[in-house]
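Asker: Sequence:
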Amino acid sequence: MPFKVHPARKVQGSISFPGDKSIAHRAVIISAISEGPTIIRNFPFNQDCLATLNVFKALGVRVDMLEGGLVVRGNGLYGLKPPSKILFVEGSGTTIRLLSGLLSAQRFNSVLSGNKALSKRPMLRVTAPLRLMGADIRGISKLKDEYLPLKIKGSTLRPITYEPKIASAQVKSCILLAGLYARGKTRVIEKVKTRDHTERMLKTFKSKIKINGNKIYLQGGHELKSPGEIFIPGDISSASFFLVAALLVKDSDMILENVSINPTRAGIIKILLRMGANIRIDPLKTKNTNSFLEPVANIKVKFSRLKGTVVKENEIPALIDEIPIIMVAACFASGQTIIKRVNELRVKETDRVNSMVGNLRLMGASIYLKTRVNSKKERVEDLLINGGRVLRGAGLKSYGDHRSAMSLIIAGLAAQGETSIDEIGCVNKSFPEFFSYLKKVKIDR
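Just so you know, we're using my numbering here: the sequence shown kicks off at 52 and counts up by one.
For the record, the hints were derived by calculation from the structure and aren't laboratory data. Given the structure is predicted, the values throughout are model-derived calculations rather than measurements. Beta carbons are placed, not taken as given, at the ideal position from N, Cα and C, and that holds for glycine. Be careful, since some hints might not be right.
[Claimed, not checked] Okay, derived cross-link-like pairs now, SDA-like style, lysine to any residue, Cα gap no bigger than 20 Å in a straight line:
#1 Lys-171 <-> Gln-98
#2 Lys-244 <-> Glu-395
#3 Lys-363 <-> Arg-430
#4 Lys-301 <-> Lys-448
#5 Lys-276 <-> Leu-128
#6 Lys-448 <-> Met-52
#7 Lys-363 <-> Ala-218
#8 Lys-336 <-> Lys-363
#9 Lys-61 <-> Arg-496
#10 Lys-242 <-> Ile-211
#11 Lys-448 <-> Ser-417
#12 Lys-358 <-> Ser-385
#13 Lys-336 <-> Ser-65
[Unchecked claim] Using C-beta positions, here's what the derived DEER-type ranges look like:
#14 Gly-64 <-> Ala-179: 24 to 34 Å
#15 Val-398 <-> Lys-136: 22 to 32 Å
#16 Lys-363 <-> Arg-443: 29 to 39 Å
#17 Phe-486 <-> Asn-160: 14 to 24 Å
Can you build the whole structure from these sequences, using the hints too?
Answerer: Encoded structure:
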């Protein structure tokens, strides 16, 4: 049955969010190859993070559940066990891309596979640099790229200096995890700074890593030491849906508690403030007693009359997951919003450009794509949104994409009339608590 969304009179209340999905993946991965047990607090039990947990259980790592989190009992850098079957990661792109680097350096062979949607996502961005390191990794070659499954023969890796062509934290993290096993210094040089959770986590686990601006240096061949305990701050991507809901629905005000404000992730805050949002950031003293130090804050937000802005190409890496909900905010803002170079949205769980543009047009939005050739002679796509139009409820499709589904639900709260969305089970991929939180803060007309 389609999920029905009715306009809200206001949204109000306080929410403390499950742990950041991106950080949680890395916490499990690095804990599993460190020496000693690691308690991970505020772990998000969504489909993607559970996929990562299940892979490491299959690799011989013991994981014990506890209230509000779990304990990962690390096997050390060389203590993973050969899997007895194909490692299936469901639909988690982060899991498969990060593990491709880690598994390439093991003393056993493995195969990584995923669901139908993940099997359509390009993997050459990680397999190519790994082969430069000496990895024996192969996907299915098709249309000048590679796709799942990935067949990996454990190899001795060598360090490289690599400048990713695509601004991707997954590519960077893949190379760094492989670099833990390479004798010598691995260097990653980014043109645009991407989310730095892997670097922060590796520092916490006493790796020999140095960061100098956009240059990262990692000395391989050294065991990692568990810090004992990690608290994962609330997911800014999950918080963004309620943040925008409070901005768009009149008379709303909310407090979003214990949210990560890592500057390589919190680009949405910067954009919304530029659009005139009434947002106040109250930084909190970190709950970690080690050098992990992910910045955390309470975010206070009130209904605001937004105006259009330009989201620049170099801002996209810090808010790539939040572009769908920014598109919704732009529809209600006065004036025009331009979001530059949205190409990467086409290779997520679904083609998010297609899903969001098509659905928002059904609601009455004025939104279209413009193709241009940039200074590097690359064809790129920009989104142009003419805001200020009244959006009306319509029959929409999620295309099985969690971020599209949640963004469209928020659009429905601020629109006129009833909105229906064909399938919402996809929300469990990243934020299974979404509907209980929505029920808690939504005040009906």
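Asker: Evaluate each hint against the coordinates.
Answerer: Each hint, compared with the structure:
For the hint pairing Lys-171 with Gln-98, the CA-to-CA distance comes to about 19 Å; that is within 20 Å, so the pair holds. Between the alpha carbons of Lys-244 and Glu-395 the distance comes to roughly 16 Å, so the proposed pair stays at or under 20 Å and holds. Restraint check: the Cα-Cα separation between Lys-363 and Arg-430 comes to about 16 Å, which is no more than 20 Å; the hinted pair holds. Between the alpha carbons of Lys-301 and Lys-448 the distance comes to roughly 26 Å, so the proposed pair goes past 20 Å and is violated.
Restraint check for Lys-276 and Leu-128: the C-alpha separation of about 10 Å stays at or below 20 Å, so the hint holds. For the hint linking Lys-448 to Met-52, the alpha-carbon distance of about 12 Å falls within 20 Å, and the restraint holds. A distance of roughly 14 Å separates the Cα atoms of Lys-363 and Ala-218; the hinted pair therefore holds under the 20 Å criterion. The hinted pair formed by Lys-336 and Lys-363 fails the criterion: a straight-line CA distance of about 32 Å is larger than 20 Å.
At roughly 8 Å between alpha-carbon atoms, Lys-61 and Arg-496 fall within 20 Å of each other, so this suggested pair holds. Restraint check: the Cα-Cα separation between Lys-242 and Ile-211 comes to about 17 Å, which is no more than 20 Å; the hinted pair holds. A hinted pair counts as satisfied when its Cα atoms are at most 20 Å apart, and Lys-448 with Ser-417 qualifies at roughly 18 Å. Annotation: proposed proximity of Lys-358 to Ser-385 holds, straight-line Cα distance about 5 Å (limit 20 Å).
Using a Cα cut-off of 20 Å, the hinted pair Lys-336 and Ser-65 holds, with the two alpha carbons roughly 19 Å apart. Restraint check, Gly-64 to Ala-179: a C-beta distance of roughly 47 Å breaks the suggested window 24 to 34 Å. The beta-carbon spacing between Val-398 and Lys-136, approximately 28 Å, falls within the hinted interval of 22 to 32 Å. For the pair Lys-363 and Arg-443, the supplied restraint of 29 to 39 Å holds, since their beta-carbon distance comes to about 31 Å.
Checked against the hint of 14 to 24 Å, the pair Phe-486 and Asn-160 fails, with Cβ atoms roughly 42 Å apart.
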